[in-house]
Structures are given as structure tokens and as C-alpha cells.
Amino acid sequence: KAGVTQTPRYLIKTRGQQVTLSCSPISGHRSVSWYQQTPGQGLQFLFEYFSETQRNKGNFPGRFSGRQFSNSRSEMNVSTLELGDSALYLCASSFSAGAGVGELFFGEGSRLTVL
Amino acid sequence: SQQGEEDPQALSIQEGENATMNCSYKTSINNLQWYRQNSGRGLVHLILIRSNEREKHSGRLRVTLDTSKKSSSLLITASRAADTASYFCATLQSNTGNQFYFGTGTSLTVIP
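Read top to bottom, the protein sequences are chains Y and R.
Counting from 1, position 36 in the first sequence corresponds to residue 467 in my numbering; the numbering is continuous, with no gaps.
Counting from 1, position 62 in the second sequence corresponds to residue 908 in my numbering; the numbering is continuous, with no gaps.
Keep in mind that the hints are not guaranteed to be accurate.
[Unchecked claim] Away from chain Y, derived, C-beta distances all over 10 angstroms, residues of chain R: (1) D853; (2) N864; (3) T950.
[What the hints assert, rightly or not] Have a look at the derived ranges for each label pair, beta carbon to beta carbon: (4) Y:K444 / R:R887: 45 to 53 angstroms; (5) R:T923 / Y:T511: 22 to 30 angstroms; (6) R:T955 / Y:F500: 36 to 44 angstroms; (7) Y:T438 / R:S885: 17 to 25 angstroms; (8) Y:F500 / R:E861: 43 to 51 angstroms; (9) R:G905 / Y:S527: 22 to 30 angstroms; (10) R:L921 / Y:F500: 18 to 26 angstroms; (11) Y:T438 / R:H903: 47 to 55 angstroms; (12) Y:R446 / R:R896: 41 to 49 angstroms; (13) Y:G447 / R:T910: 47 to 55 angstroms.
[To be verified] Once the Cα atoms are required to be at most 30 angstroms apart in a straight line, the calculated DSSO-like pairs of lysine-lysine come out as: (14) Y:K488 / R:K915; (15) Y:K488 / R:K916; (16) R:K872 / Y:K444; (17) Y:K488 / Y:K444; (18) R:K872 / R:K902.
To be clear, the hints were calculated from the coordinates, so they are not data collected in a lab.
Where is the CB? At the ideal position from N, CA and C, for every residue including glycine.
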């Protein structure tokens, strides 16, 4: 079974630009969640999607958005990039969501550098 | 913040020794999980313990959970150089729509 695939793995953008990151979950998994990881803040929850619906959203500004497609693939978008958006963005998938969720399966992440 | 706190932040031990890291959290949980992350990579699930369990083993890993103290510990026995990584606890918190919160992590270095 293929794992969680995130693209691109590395990208460099300048302030004010926008970026779109993609995540393909494990086949059969319907829940996809996104996290931002920085040295100072650790892993911060961005949002979670289940069957194309956003279930939860973390405490991030509206510049951060996401969506999930009918095949469970997910994208997240960051508009008007700021230097502080430089981070490793991690996607995780799971079969279910809510109280019954078990382990999360993570992708290798997308390393975003904002200059 | 509803993140968990882990201690120590960093731990350095000799190969063969045991490593213990602790996690504290703030609210009621459905389950608590431990993950491992090699530098710059994704997280890998190690073990899950439910809120009604007190101890769980998996290979060289032993996890305990004390819901009254809102704390958990991860013990890695007979450590190996390959265990060098960062370890995170994650809590599935029932009062926030069952959202995961990750701890701040413990950076473990195992010296050969």
C-alpha cells in the first residue's frame, strides 16, 4: 500500500506570493489533516477534512485555506506569504475521524521557505 | 495552548541504556499516541494507548498513562543508535471536536 504522498517536497517563495501544497492520502483513508511545524512553535494543527468537509480548523489566519476532493486528495493554500510561514507542512491521513480515529499516517512533508 | 508539554526537551544517553520521556496534557482525552520523527521527515506512529488503559507494550517500547495526573511516559529499553530522533506525544482531545494536539517533543540522542 502506498503511503501518504506530499508534493512538492521543497519550495522557495518570496513574500506576498501564494503557494499550494498537495497531499494524497493512503488509499481508502477519508480523513486528511494538515500541520505546520516550526522550531519555535512545534506542530500546530491547521485543519482536518473528512469526506470533502472541513471538520476542524486550527487557530490560523484566513490566509491559510484548504480543501478536499472526492478522491480524498487534499490541497492547502497559503496566500500573501509572510516570512513566518516558513515551515515544514505535514499532511496526515487516517481511515476515520472523530472519537474513533486511531493512528495518523504522515507524509514526508513540504518544506516551504519564504524569502 | 492545549498542546502537551514533554520533558526533557533533550536527552542524551549511551547505547544500551533506557530512555524515558514524559508528556503532560491539559484536558480529557480519548487516546494518547506517541510518534517518532527523524530530522526533517514525517512522523511515524509508535504506539496508541486509550484513556481506559494504564500501560501498553510494543517491542522495546512501554507506555504508561495516568489520566488523574494527565500524564504519560514512554520508555525505550536497550536503546540503539538508530533510536536517535525526536519523540512526540499526541492527544486526541474530546472537548475540541476530537482534534489532535501534539506535544513539544523530546529530542533523543543515543551515542554508540
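*State, for the Cβ atoms of R:T923 and Y:T511, whether the hinted interval 22 to 30 angstroms holds or is violated.*
violated, 49 angstroms
*If you check the beta carbons of Y:G447 and R:T910, does the distance land in 47 to 55 angstroms?*
holds, 49 angstroms
*Taking 30 angstroms as the top limit, are the C-alpha atoms of Y:K488 and Y:K444 close enough?*
holds, 25 angstroms
*Measuring from beta carbon to beta carbon, are R:G905 and Y:S527 in 22 to 30 angstroms?*
Given range 22 to 30 angstroms: holds, Cβ gap about 26 angstroms.
*Cβ-Cβ distance between Y:F500 and R:E861: within 43 to 51 angstroms?*
Holds, since Y:F500 and R:E861 (Cβ atoms, about 46 angstroms apart) stay within the stated range.
_30 angstroms Cα cutoff - pair Y:K488, R:K916_ = Holds, at roughly 24 angstroms.
_Hint check for R:R896 and Y:R446 - Cβ pair distance inside 41 to 49 angstroms_ = holds, 45 angstroms
*Evaluate the condition: distance from the CB of R:N864 to the nearest CB of chain Y exceeds 10 angstroms.*
Consistent with the label, R:N864 stays out of reach of chain Y, its closest Cβ about 24 angstroms off (over 10 angstroms).
*Are the Cα positions of Y:K488 and R:K915 separated by 30 angstroms at most?*
Roughly 28 angstroms separates the two Cα atoms, so the pair holds.
*30 angstroms limit on alpha-carbon distance, applied to hinted pair R:K872 and Y:K444*: violated, 37 angstroms
*asked:* Taking 47 to 55 angstroms as the stated bounds, is the beta-carbon spacing between Y:T438 and R:H903 within them?
replied: Taking Cβ atoms as reference, Y:T438 and R:H903 lie about 37 angstroms apart, which means the hint is violated.
*10 angstroms cut-off, C-beta based - R:D853 kept clear of every residue in chain Y*: At about 14 angstroms from chain Y, R:D853 clears the 10 angstroms cut-off, so the statement holds.
Comparing the model with each earlier hint shows violations of hints 3, 4, 5, 10, 11, 16; every other hint is respected.
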